[in-house]
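The residues making up each chain are set out below.
Protein chains: 2
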Amino acid sequence: MNSDSFATAVILAGGSGARMGEGIPDKILHPINGKPLIQYCFEAFSQSATVDSLTIVYRDSAQRDLLEPLVPDSRFSRVDWAEGGAQRQDSVWAGFSAIQPNCPVVLIHDGARPLIDPSTIDRAAVAARNYGAACVARKVVDTLKQIAPASDDGFQLATQDRDQIRAMETPQAFRFQLIRDAYRATIESGKTITDDLSAIEDQHLSVQLIESATPNPKLTQPNDLLWFEHLLNHRAQ
Amino acid sequence: MNSDSFATAVILAGGSGARMGEGIPDKILHPINGKPLIQYCFEAFSQSATVDSLTIVYRDSAQRDLLEPLVPDSRFSRVDWAEGGAQRQDSVWAGFSAIQPNCPVVLIHDGARPLIDPSTIDRAAVAARNYGAACVARKVVDTLKQIAPASDDGFQLATQDRDQIRAMETPQAFRFQLIRDAYRATIESGKTITDDLSAIEDQHLSVQLIESATPNPKLTQPNDLLWFEHLLNHRAQ
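In order, the protein sequence lines correspond to chains A and B. Under my numbering, the first residue of the first sequence carries the number 812, and numbering increases by one thereafter. Under my numbering, the first residue of the second sequence carries the number 812, and numbering increases by one thereafter.
Please keep in mind that the hints were generated in silico from the structure rather than gathered at the bench. Not one of these hints is a red herring.
Repeated chains share a single entry, so a pair holds when one copy, or any two copies, can fit it.
Below are the EDC-like pairs computed for lysine to aspartate or glutamate, each with C-alpha atoms no more than 20 Å apart in a straight line:
1. Lys1002 x Asp992
2. Lys950 x Asp974
3. Lys950 x Asp972
4. Lys846 x Asp884
5. Lys1002 x Asp972
Full structure from sequences and hints, please.
Written out as C-alpha cells, the structure reads:
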C-alpha cells in the first residue's frame, strides 16, 4: 500500500468447492513451503501499489478463525470480513456490503488463485479506474468445440474460433458503483452468474483484458496441489 | 502390441512451433529424467493394447536421425516415417500416405503431449472402431467469453456456456478410410484446420469424447518445461 493506492480487493476465500468436494476450505489452507495457499493471495495484494484495503469473504466463523492470522493487516488501511453465501454471487454481494461506499475501484479475486502477482493486480486496477471494467484473461491453446449430444452417446461438434475466445481468470476489476449496481440488478433478477463480468454483460460495456505475465490457474481438484506447489516454488522472485 | 491390436498411430513430431519459436524441435527432444520428451509418447503407444504400428512425421532428416533411436521398434509390427509439411494438415496427410490402406483405425497424436497414457489411447481407439470417430477432450474450468474489439482498446464480451464446450486434445481417432477421405476433401478445398475433427465437421458425424484420466497438456511455451517435468515425475505408475 502507498499513498496513491485507490482500490479495495474482495478475496473469495469461502469457495463453493463443488469440484473439490467438501475439502476445498482445507485445500486453500493447505500449506506449501509452510505457508497456507490462501496466504500467497493475501501477500500478493499487500504488495500491490494500487490496493489499500481488503474484504475477505469467509465460509463460516471456524474458517475465519483460521484465516485471520494469515492476513498481513498492517499492510492495509483496513481489512473487513464478510460471511459468504450459497452461491458465488451471494458471496461477492456480501463482500460489497462491507466496502466503503465511496471506494472508487474494487477487484474481485478467487482465493483459489494463489499465483496472482502484484503487477498484474495493479494493471487490472488501473485499467478499471481508467475504463470502468477490466479482467485478467488468457488465450486458449487447444481447439475448442461446441458440443451437442447425438443419439449414440457421442456428440455433434462445431469448432469455435479460438482467436475470438478468452478464458476469464481473476481478479476482475471495476469501478465500484458500476459493479455494485449491476450485481444488485443481477440478484434481483434471480439470474445465476459464474463470473463478475457477467453482471455487466447486458450493458454491453467495453472491458479491458489483461494478460497475466505468469500462469494464474485456479485450484479445482485435489491432485492439482502438487502442480501449484511446483509453480509457487519456481516462479520468478 | 498384442495379437488383437488393430490401430496405427500417427505421431506428429515435427511441430510447427509457432508459439514456441524456432526451438520446438529441440523442446520435444528436451530430456526429462534423462529421457527426451517425445520418447514418453512413443512408450505410451508401445504399451497400448490396441496400437500395433506407428507412423512418425518428422521435420527434416536431421531431426529424424535424432528421433530414430528413441522408438521402441520391437514393440510394433512396423514403424513408418514421413516428412512433414508446412501446416499441421500437410503433416497429417504425409503420415496417411505411409499407412497401409487396409488399416482399420488411425490415431493422430501431437508429439508435444508426452503425458498421454496407454489406457486413454485404447479407449479412443476402441471408440473409433465402434463408432467411427473419437477424441480425447476435457471440460474447461474457467468462464469462457467470446470477444469482439471495442473502440477503446477494450472488448465487448459474451459469455459462452462452458457446459457445452470442450477443449480438444489428442489422440483423435478415426476409422482410417473415413478420415483419409475427409482430409483429401479438406486439402482439395484449400481450407486450413487446426485439428483433425475439423476435417469431418461438415459431415455432421457423431464423435465419442474420451476424458483423459490424467492431465494431457500440450507443450507450447518453453517455460512449460518445468511443469511437464513435474507432471511426468509425479504421475501414477
